[in-house]
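Kindly generate the complete structure, drawing on both the sequences and the hints.
Residue numbers (my numbering), protein chains in the order written: chain S, 372 to 1041; chain F, 21 to 720.
Treat the hints loosely; a few may be bogus.
[Said to hold, decoys possible] Which chain F residues face chain S? A few, computed with CB under 10 Å, are given here:
hint	residue
1	Cys-106
2	Val-119
3	Glu-121
4	Leu-127
5	Met-224
6	Leu-331
7	Ser-332
8	Glu-431
9	Glu-443
10	Met-449
11	Lys-459
12	Gly-488
13	Phe-515
14	Ile-604
Just so you know, these hints were derived from the structure itself, not from any lab.
Virtual Cβ for every residue (Gly too), placed ideally from N, Cα, C.
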Amino acid sequence: MPTSTFSDLDIFRSHFTGVAERMAHTLVRTAYTTFVKESSDYATGLATKEGEFFGYPRRMGVSGFLGLNLGKTIAQMMDAKDGDVYITNDAYSTDGLSTHLPDVHMIAPVFVGGELVCYAWAFINCSDVGGLVAASISPTAYDVQQEGLRLPPTKLISCGETDEAILRIITANTRTPEANWGDFKAMLAALETGRRGVAALVGRFGRATVDEAIYQVLDWTEAKARAVLRSIPDGEYAFEDYLDDDGDGLPIRLAVKVRVSEDSVVLDYTGTDPQVQAAFNLPAFGERHPLLAIGLINFIITEDPTIPVTGAIVRPIRAVAPHGSVVNPAFPAAIGVRYATVIRLYNVVLGALAQAIPERVPAAGVGQGCMVVLSAPDRATGMRQVGVLEPFKGGGGATAKTSGVSGTDPEGGDLKNTPVESLELHLPAIVERYELCPDSAGAGRNRGGWGTWFEFRVKEPETVITARGMERFRFRPWGLAGGRAARLRNSAWVRTADGQERDLGRIDVLRAQPGDVVRFISTGGGGYGDPLTREAEAVEADVRSGLLSAELARQDYGVVLTAEGRVDEAATGAARDIARLNRTDDVLIDVGPERRNYESVWPPAMSDYLAQALMGMPVSCRQYVKRHIHRSFQETGAETVTLAWIEDAIQDIAEQLGLDGGVTPLVADR
Amino acid sequence: MAKSDGDTGLRLGIDIGGTFTDFYLQDSEGRLLESYKVPTTAQHPAQGALVGIEKLQSAGYDLTSIQYLVHGSTIGLNALIQRRGCRVVLVATEGFRDVLEIARLRLPVPWNFHSQRPEPLVPRDLVVALPERVLSDGTVLRRPTEVQLREAVDRALALKPEAIAVALLNSYVNPDHETELIAAFHKVSPDLPVTGSADLWPQMREYERTMVAVINAYLQPLTSSYLDSFERGVRAMGVAQSPFITQSNGGVMSASSARRQPVRTILSGPAAGVAGARAVAAELGFDNLVTVDVGGTSADVGLVIGGEVLLSTEEHVGDLPVIVPTVSISSIGAGGGSIMWVDGTGVLRLGPESAGALPGPACYGQGGARPTLTDALLVCGYLDAAHFAGGVHIDEEAARSALGTVATQLETTVEDLASLAVEIAVANMYGELGSILEKHGCDPRDFTLVAYGGAGPLLACMLAEETGTRRVVIPRAPGTLCAQGGLCSEVKTEFVRTVVQALRDESAADTLRAICADLRAESAAWAKDEAPGILVGVSTSFTADMRYVGQSFELSIDLNDEALDRPDSIARLKELFHRRHKEIYGQRNDVAAVECTELRAWAHGLFADEGGAPPADAHRARSSGIPAEAGDAPYAPSQRTMTIARKPHEASVYDRGSLLEGAELVGPALILQDDSTCVIPPGWRGLTGRSGVIVLERNF
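In structure tokens form, the structure reads like this:
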């Protein structure tokens, strides 16, 4: 373990973090759009010449980008000079620095006294970069070219002078040129704050000391991260989870083997499904992309809240992500909705860790991040007005120490809602109900958080409601260590003005008219620990609050209440005894009956095998073959798929498509 | 303490803090007579305050000549943080029972697996849903029937509440349903305190407005009974004057207002400190200030920009939002109690764990074994055992022994370790302070740092060096500035109306004019009742919160309601907004639609010139700035070695009380006084002003 040679490193950590936070404040203060000001979808930082962040804000902006590496981008900033600024939003040429096109990054070299000291960096989620739809993100996009303007690392500012030609190209390819340029200027101002901050530090401490301190702070971070990882028992821990739909009606399987060896961890995603013809692909290229490891990074920071916030936190982590899979897609895969995949990967990594250290990770939360957006004609202008009604998640998973949080999940816990009074002022809708959803939380000694019930009445003709990113219609958020999975409550529902009711399922777009009532319900998080050991008084309190029905109190917790709503001690004791006797399943992770049924047909080992077999085929054929094989097996009517059957089926389809059995994947030119 | 003769108009400020209750006594001209501390009696805080007043009597002061009494306390704050308020039942609109639990969704520490939002002050089973609905334009979608109102009241009362909060959706634009419900409560249970959200603070955003009402209800019984016992005690001692109570907005209010609106008192302590710092610096002509208050358990900063205390409507107390205007205070550390430790990799850390008031630093000898920042300050030679706050005995050997363990771990000396700990404390504070300045777009070179609290003057110059601030001001009594601050605060309050009015053309002026007239009337009614016989009138000014349509953040623009009659008043208002936007954000958009979201009225009570008790408004009272010429160097009774940046320095040691006007102080030096010590590092030079204030500047 590297040990710091000087004990005064905290002084430098403070200064580096301080500069990064001042950059963030500059950016927020001067930015124009709500994305930045309200949704906090931005970040700033200082990176080494190798591209590792040594200064990063602790409490502002996006935390998940901490482990990003600028190296590949810096390598393309040939002979960058003082006053130059580069811009990029392209995943494919930057090793996934940007992971979808609306994320615009800027990098400036910081020179002090003519010598390069480090790089200043800023990013924002920009309002629109062109593409199929407003805001540039559509799940139906099947290649990245449909998603907007791609900017490989490009010099936007040369020695302080803006390259007007480049700027014109950028502004010509967006629906929101003014807002973009406003936010770009905020990023440039933030970079300038970074430059000044670093110059002041060099002036104060001297070049050599600052240089040395940068790398010492990184080594210190690494040592602390390794100390946390060392507390996980060595071994290989496998887990998988699924996204609902690959666009062809089949679940997308995300599988990981977490290999812990002393103080380092490998996240091996071999066995994960091939990339899809929809925008769920996550361009997490490289060996240690942070979006493949958010669950693990958050684990480290939770276990050691005093760890310096620098990019070296990912040094002990390595990822193996098969090329052409949904977590390492080949060009030109569409990537716009990659965050749905990131959310599920969070569950996958934590589920694997749970097998080693169940008492130190949470059960699964709702696992979706959905924005309910309303668009309606504006009578005054004749244009359409568009706005987010509410961000819509659901409950968080319970831990050994705490019940899950309600209405949101620590994954995405920085998300803020819109006050109902504010949304009613700005959008033509009347909210009928915005409450927690009863009977939605997974049972456990600590229960999951409650999901949300959001219901509103449409006021304007030709209103369009979109709710992209709804998930968990198929498989439940799992429970841990005896805790139960939350029920499948996620739903969208409408009652039209004429009284007709319709369950909408997993909607993307809904047209609605005045008087229509639209309801979104999200489920809660999984529970932790045996529900029969939950304090009966806590169950009584949940019933008294109106969020748990007396029926489920009895069924899930074995708690019987009197007519007055008090615990009936005798009846409860008896009910719990019987429940213990009748218990058949004793699993660490309760995934719920739907997933058990699915995996009885497609056991994880078979899905693993199929995914790896598909990797031997051309990228463009993989999703087709997967669908073909799943359908063919369904037609056989057999109960469980076997290795032999899969081998035969692959042989058949390969012949039909004119593929040799062992065709190697085409490595597309990036 | 010795009584001076001829005091006919005494002015007394009292501030109850966690450890000490501070007293600041002035004569009618604002001259300091006494400044002292007594231990806070946590169980019966009024008792400690009364004991302190008795001390004046014992010293020969005639308590009947106290003409102006200002009192600040942490009763409300502590009750809120420790969850010791009363049992509140909340009545909310049907369909919105979870407004407190859902809050704004966001978690305090998003990435942490165990992060939780604060437990709601009112649990869900004490929330009663009323079938009613008002729309965003104030029209009624669903009116509650008499029976439904009565049912809601019955259900609420069946839950045995000690106070009621009523907060219905969109009540900020039409409070009728809240008003009807409050009347229904009064009819059935006239003595039960009921807070209506629209009556208290009619601002848009249901969670935050509900929170204001709920906090208010939660603190009401406790605050009332505290003020009752304080007032009784004070009267019994012969003080005729009813006390004024400090508010979170940096002003003061009558005791009866404080009983009605305790939510306005919760951040009053730090607010009074900033108000005091502003008054002290204004006397010297400095109006851009960073105020730094370092005490035993916290280090807080506030900002004064152009002579105005920076207010915020987004403050939080224990993760609960408070949207009534509050002096903006940011924590930059855990104060003198911050514990030193070595992490697994051999790096020295400081905090966030704190030894608090108990056991406190090792040198307090109250059982604290772990070394703290205060122990480091002692070992560096900055503290004097003979001069320590409130007569606490301090033990340097205990401090050295506590530091010794850590020094051994790091293979260094106790002295070097102590100095390093101070450097880390300063760097950590600067990390936070630099962000705060940047957030508000302030250039530190234009600012003066005002340091107070027991440890503020110790660290002030070092922090100023780091920040790039050139000047430091140390008030005469840094340990009791909060008590002093209350005495120079105005009697004031604010009123708000959410309007959300598009400013398309001049017709918008009618709406604004009507609201301003309303607010002006409300302000006049307030002034009449607030302090009869003391206030003779009110000065009311207006601001409009404005933004480009589609933005989610506003700028506050001064609004002259009398000019709303002019034909181009809206155009002028918009121009002011565009300009301010350009000033702050560097851009303006002349074609974008502009809207006004909130109108605010700022009411300042006017004191009678004679009689009553005008505050000796320090910055208006008289000039007592720094002398142009330095006088003779004062006599330094002793020398002492102090350590700065791991180097020893021979420092002259002065006694604050004996410094005359014009005394020049050259670093390295130490100035000792009862409630604080000021460290002047090498390279700094100070001058003493007429009122005893010290202004320090760095030699460049």
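We went through each hint and held it up to the structure:
1. Cys-106: This interface hint is violated because 20 Å lies over the 10 Å limit.
2. Val-119: holds, 8 Å
3. Glu-121: holds, 6 Å
4. Leu-127: holds, 4 Å
5. Met-224: holds, 5 Å
6. Leu-331: It is violated, given that the least Cβ distance between F/Leu-331 and chain S is near 17 Å, above 10 Å.
7. Ser-332: Constraint on F/Ser-332 not satisfied, violated at 15 Å.
8. Glu-431: For F/Glu-431, the interface hint holds, since the closest Cβ of chain S sits about 9 Å away, which is under 10 Å.
9. Glu-443: holds, 6 Å
10. Met-449: This interface hint holds because 9 Å falls under the 10 Å limit.
11. Lys-459: Nearest chain S Cβ about 4 Å off; hint holds.
12. Gly-488: Status holds, d = 8 Å.
13. Phe-515: violated, 19 Å
14. Ile-604: Constraint on F/Ile-604 satisfied, holds at 7 Å.
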